[in-house]
Amino acid sequence: MSTETATPVPTTTLDGADEAYPRDRQYVLVALALAGLTGIEIATYAAPGFPLWGWGDKAGLITVLMILMAVKFWTVAYFFMHLKFDKPLLTRVFYAGLILAVAVYVAVLTMFNVWYPGSHN
Amino acid sequence: MAESVIHQGLAAEFGHVEADTNTGISNVKLAMWVFLASECLLFGGLITTYLLYKTPLTTEQGPSPREVFDIPFTSVSSFVLLMSSLTMVLAVSAIERGDHHRLRAWLAGTALLGGTFIAGQIYEFTAFKDEGMGYTTSRSSSAFYTLTGFHGVHVTVGIIMLVSLILLSVRGKLGVHRAESVETVGLYWHFVDVVWIVIFAVVYLIP
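Chains A and B are the protein sequences, given in the same order.
Going by the working numbering, the first sequence opens with residue 1, and the numbers climb by one from there.
Going by the working numbering, the second sequence opens with residue 1, and the numbers climb by one from there.
It is possible that some hints are incorrect.
Beta-carbon label-pair distances, calculated as ranges [unchecked claim]:
| no. | chain 1 | residue 1 | chain 2 | residue 2 | range |
| --- | --- | --- | --- | --- | --- |
| 1 | B | Thr126 | A | Asp24 | 33 to 39 Å |
| 2 | B | Tyr135 | A | Leu29 | 40 to 46 Å |
| 3 | A | Pro117 | B | His101 | 57 to 63 Å |
| 4 | A | Gly118 | B | His101 | 57 to 63 Å |
| 5 | A | Asn113 | B | Thr21 | 42 to 48 Å |
| 6 | A | Trp55 | B | Asp99 | 47 to 53 Å |
| 7 | B | His101 | A | Gly60 | 44 to 50 Å |
| 8 | B | Asp99 | A | Phe50 | 42 to 48 Å |
| 9 | A | Ala47 | B | Thr116 | 22 to 28 Å |
Keep in mind that the hints were calculated from the coordinates and are not lab data.
Note that the Cβ used here is the ideal one computed from N, Cα and C, for glycine as well.
Produce the entire structure from the sequences given, and follow the hints as far as they go.
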C-alpha cells in the first residue's frame, strides 16, 4: 500500500532524526561558544608570546590552533548540522569522506616533505 | 488521510520519526551528506596544494600570501561567516515551527552576512593585487587564490540558494512540509562555514 497522501507531511517526519532538534536558545549558546573560540584564535595572533601557546618554537601555537580548529569544526557539524540528533549513518557518511580526505592528503604531504623533500620545487 | 493525520500526530508528540526509505533518512538529505563528504576531498586537495606551494620559489616572484595577509580584517570576515551559521540554523528552526515571517528574516540575514563575507573577500583580493600578489605572480599566489576563490564561489552559490528560498517563501511555495529544503540548503551553508574554519586556521593563522 502506498504511504503517499494528499496532505503534506511535516518535515519532522521526513528527516529521519533520532532526537528532536534543540531550541533556539541552545543554538545561540553554541554560537557564543564558537565566537569565544574564534576570539582565542585571534588572540594567538595578537599576543604570540602568551604562555599557553608561546612554548616550543611555534609548536605550542600550532597545537593550540589545530585543537581550536577541530573543536569549532566538530561543534558546527554536531549542533548546527544536527549530527548529534540525526541518525548515525549520516555521521559515518560525512566522517568517512573527511577521514579519507585527511588520510590521502597527509600521505601526499608526507611524501613531498619527508620522503622526497624539495622534489616538488 | 486518516493515516496521515495519525502520522503527523505521532511526529508532533515524539519529534522525528522514520522516513519511508530503507535508511529511515530522506534521500535528499542523504544525497546532500554524500555530496558534502565528496567536497571534503575537493577542499582537501586545494588546501594540500596550498601547503605544498605556500612559499614562492624566489623572492623575484613577488610577495608570499603570508606577507600580505591582513589578519584583523580576515578575522572579522571569519566571524561574520561564523555568525551566518547561527542565522541559518535559526531559519531551519523557524520553518519547523511554521514561522514564515522569521524564516524569511533569518534567511535574508544569512544571505546578507554571506554577501558581507564575499564583499570582504573581493576587497582583500584587490588589496593583495595592489601589493603585488596577482593570480599568476607565483605558484603560491595561484594556490592561494584558487583555494579561497573556490570557497568564495561556494559561498556565492549558497547565497543564490538562500535568495531562491526567500523568493519561494514569499510566493507561498515553501510550506512547512518543505522545511527539509531549508535544512538541506542549511547543511550546505554550514559546510561552507566549516571549510572556512579550516582555511582560516591552516592558511591564515598557522605559521
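Verification of the supplied hints:
Between threonine 126 (chain B) and aspartate 24 (chain A) the C-beta distance comes to about 38 Å, which sits within the given range of 33 to 39 Å. Checked against the hint of 40 to 46 Å, the C-beta distance between tyrosine 135 (chain B) and leucine 29 (chain A) comes to roughly 41 Å, which is consistent with it. Range check, proline 117 (chain A) to histidine 101 (chain B): Cβ separation about 59 Å, and the 57 to 63 Å hint holds. With their beta carbons about 60 Å apart, glycine 118 (chain A) and histidine 101 (chain B) fall inside the hinted range of 57 to 63 Å.
Separation of asparagine 113 (chain A) from threonine 21 (chain B) is about 44 Å and conforms to the stated range, judged on CB atoms against 42 to 48 Å. For the pair tryptophan 55 (chain A) and aspartate 99 (chain B), the beta carbons lie near 50 Å from each other, so the given range of 47 to 53 Å is met. Checked against the hint of 44 to 50 Å, the pair histidine 101 (chain B) and glycine 60 (chain A) passes, with Cβ atoms roughly 49 Å apart. One distance hint, 42 to 48 Å for the beta-carbon pair aspartate 99 (chain B) and phenylalanine 50 (chain A), holds here, with the actual separation near 44 Å.
For alanine 47 (chain A) and threonine 116 (chain B), the hinted distance range of 22 to 28 Å is satisfied, since their beta carbons lie about 27 Å from each other.
Violated hints: none; the structure is consistent with every hint.
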